[in-house]
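Chain by chain, the residues run as shown.
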Amino acid sequence: MKLVSWIVVAMFAAGVSALVAQDNTGAPLVSEVPTLAPPKLPEVTAKDLLNGLNQPSRWLMYSGDYTGRRHSPLKQITPENVGRLAAQWTFQAEGMIIGRGFESTPLMLDGVLYITGNNNYGWAVDARSGRQIWRYRRVLPPALTYGGSNPSNRGFAASGDLVYMGTLDAHLIAFNRNTGDIAWDVVVDDYRQGHAILGAPLVVKDKVITGNSGGDLPTRGFIDAYDAKTGKRVWRFYTIPAKGEPGSETWSHEDVLPRGGGATWVTGTYDPELNLLYWGTGNPNPDYYGDERQGNNLYTASLVAIDADTGTLKWHYQFTPHDIHDWDSNHVPVLADLTIGGRARKVVMVANRNGFFYTLDRVTGERLVAKPFTGTQWAREVGPDGPIVLNDGIIPPGGSEATTPCVPDLRGATVFNPPSFDPALQTFFVMARETCAYYTPRRPEIVPGRPSTGGGMRKLPEPDFSALRAIDPKTGAIRWEYKFPTANLAGVMSTASGLVFTGDNEGNFNAFDARNGKRLWYYRTGSPIWGGTAMTYVLDGRQYVLIPSGNTLVAFGLPER
Amino acid sequence: MTRQLGIGVVVVLFVYSFATGQDTKRTMWDGVFTDAQAVRGQNAYKASCAPCHKADLLGDTGAPALAGPEFFSRWNGSSADDLVKTIRASMPQDAPDTLGTQTYVDLVSFLLKSNGASSGSAELPIDSAGLKLVMVSNPK
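One line per chain: the protein sequences are A and B, in this order. Following the working numbering, the numbering of the first sequence begins with 1 at its first residue and continues without gaps. Following the working numbering, the numbering of the second sequence begins with 1 at its first residue and continues without gaps.
Just chain A, same shape as in the assembly (with noise of 0.2 angstroms):
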């Protein structure tokens, strides 16, 4: 009896000891001293967010402001003398993926970045030195889905004197930017049935806005508002309608519904004015089988634009009705006015992993330009109705590859690498990605956490590269291009002097004449730059560019005289 008791008291010790060693409350487990005393900055106001890039010392959201036009104002720099940028100092980050790494965008507020890596690591680092102030790494927990095949992170928010950040395990928090300390831990889905945020947020008024991460597993995408100060949800809008409401009826089979993709992984844009969030949402889910969800597949492949105060959709644009192909539509949605036929127009851009260019109005939705900025062969016109499909890039039951020509890959066109829009020249700039491959659907078993892609994708070694094209968004046609050796997921900037920034496959992080697609100036990183994008501002009377690669953040400036 006694031997049997001092058993059961050992397992007991042995379990509570376990629960405390696995505590995963998000709480830093090592108490940080900091390289530098934190200092007490000012606060973000909305007001400091609608203002954007006109207080060019800042960068204070993933795309520079609410328009998505990662275009700065910022002229120190220019064609003429950017062949003397020169690397200022280097970041260096752990807890980094092999062969990725960044992927983020960093924020500035007042002489500090913000910077968020991989695993949800982030950092406050002091923009004069490169050295950190601050650092949080979050102890996730075991066996996560999405988040743990794909664990990376776009980048902060902020807002008053908090930051924000979307975890691997689907939560968000908020951390007091002076200290890092965490102000507020909420969850927002449940990781284990498949979700992740792996976006960047959008801070709008009051309100945190975030997408999801997971379309590749059975889940129901969503984009969610919550409360800036306290975490508490103020709505939440589903991608994916629920039975019998308006869309439903484009989804052949019911009990695909809940677990019917969408995701919403890009953060997305904002019009004050019109008071309107547009966000892009993902392919549907199973991504390559589509026998049981005939039909159109609202809202997945799409652009939303929902109100920012109810979350309630205004109206919607849907690139790749039935998409077969995990061409989701997660970009970032780029906002400019433009005159097309003679009339004014406020217009959303969209270069499209199904290798169309969009131009849309953004107060009804109307589509405008619609135009292959690539060689697919999915489609080469869009009808009234959505993309004319020549030739079906599945090969048929009894077809072969004889008959059928290839189609872009699952990355497609491109993917969430940001594109960049020069109001001055009206151009638009993306990293177009030339690829080819063949598809098989096959019925996947549905289980809850596990990837539900639904068949194979077969990519043919060739073609396989990337172009950096100047794309005028009055008619889609191409002004210039430069080309890549191998296809790559970097993201574009722009400056006000003239100039474009974007990195490579080959780890070199490039400057561009804006009018002619000039290479005047490039520095090797080290790393393929996967998604990471360049940022700038002015700090002291200088400007910088910075870009994140690999294990790195570089600060880039010209030489002090």
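It is possible that part of the hints are untrue.
[Claimed, not checked] Negatives, chain A to chain B, calculated, CB over 12 angstroms:
hint : residue
1    : K47
2    : L50
3    : N81
4    : A87
5    : G160
[Claimed, not checked] Just a few of them, taken from the derived set where beta-carbon distance is under 7 angstroms, the chain B residues facing chain A:
hint : residue
6    : R74
7    : G77
8    : S90
9    : Q93
10   : D94
Calculated directly from the structure, the hints in this document are not laboratory data. These numbers were taken from a predicted model, which means no experiment stands behind them. C-beta: ideal position from N, C-alpha, C; glycine also.
Keeping the supplied structure of chain A fixed, place chain B upon it in accordance with the hints.
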């Protein structure tokens, strides 16, 4: 006292026999695959996985690393059954679930070996119930 000790020894031996049996939970560090099985897995890896995940299992932009810290952060706490089922659901990318159960299990044994586990006297089983009893856990 002696009688209680005797019973205690019997209890301990009883528990011990379960601990070394094939019908209790084990970790990847308990010799859960054979050398021959890992070689079969390596051959299958070279043919079906290495083009994207690379010969050194470290992957690159197109495919994640399957060895090292990324393997453990993804799979610590999961069973070999989870590994087999997740891999076969979407891999190889051009023709998922076409390699056959034995090959997927052999591949998993090669992944365990590549992450530092030593071999043992029995193969990683191909039945789901048996695979559920083998857990991936962080190296000590």
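Hints versus structure:
1. K47: Per Cβ check, A/K47 is outside 12 angstroms of chain B; nearest 40 angstroms; holds.
2. L50: holds, 36 angstroms
3. N81: About 32 angstroms separates A/N81 from the closest Cβ of chain B, which puts it past 12 angstroms; holds.
4. A87: The assertion about A/A87 holds, with a minimum of 23 angstroms to chain B.
5. G160: holds, 32 angstroms
6. R74: Since the shortest Cβ distance to chain A is 4 angstroms, the answer is holds.
7. G77: Since the shortest Cβ distance to chain A is 3 angstroms, the answer is holds.
8. S90: Constraint on B/S90 satisfied, holds at 5 angstroms.
9. Q93: OK, holds: B/Q93 within 7 angstroms of chain A, min 6 angstroms.
10. D94: Since the shortest Cβ distance to chain A is 3 angstroms, the answer is holds.
When held up to the earlier numbered hints, the structure conflicts with none and fits them all.
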